[in-house]
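K.L.:
Sequence:
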Amino acid sequence: MQSYINHLLSDIAEACREEQPETYSSISAENDMEAIERYFEEVERWLENEPEHDFSYYSGLQKEQFPPVEKLSNEQMAAVSLAFERLLFTWNIGVEMPDKLPISRKYSLLVSVLERKVAIVENGFETIEFCSYDPPSCPFNEWCTCKELGLKDQYNDDGEDVDPDNLSF
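Residue numbers (my numbering): 3 to 171.
Be aware that one or more of the hints could be misleading.
Pairs of lysine to any residue residues, derived as SDA-like cross-links and limited to a Cα-Cα distance of at most 20 Å, are as follows [claimed, not checked]: (1) K65 with E36; (2) K65 with D101; (3) K65 with I105; (4) K102 with K65; (5) K73 with M3.
Keep in mind that the hints were calculated from the coordinates and are not lab data.
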């Protein structure tokens, strides 16, 4: 399996987007107004349009290229996950996950990005959040950080909704 993982890591590295030229530099001949106009045009496109393509369209990678969790060691999943996060970064995409999330869950969620529609931006960064901030439906399960964000008062320990008006303060 390790030889396949090495090949996969190579494919991931090849899917990285080449370094983009800076969109604005004070040294360039471009004036501030042109750079600002391009930036706001991109923001408008991002706000007004749903992404057209999933990430596999941009990267050329397919979900089927990634072995199931059961076939990989923790070290292999960690190596692929790190390479995949670097790949996303070259496309100005980040992912939001709890630090203590088990590597098998992290690996699975990262691979699922291939099937997500994403907006590729030149100015700024697109962040993929897997959590909808609803603890009972959070894909992070017990590693969810929703409850740490002040949402814990809305749910009891069983994950059931609690009426905030009925709390005894």
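K.L.:
Against this structure, judge whether each hint is valid.
P.N.:
Going through the hints against the structure:
{"no.": "1", "hint": "K65 with E36", "in the structure": "violated (39 Å)"}
{"no.": "2", "hint": "K65 with D101", "in the structure": "violated (24 Å)"}
{"no.": "3", "hint": "K65 with I105", "in the structure": "holds (17 Å)"}
{"no.": "4", "hint": "K102 with K65", "in the structure": "violated (24 Å)"}
{"no.": "5", "hint": "K73 with M3", "in the structure": "holds (8 Å)"}
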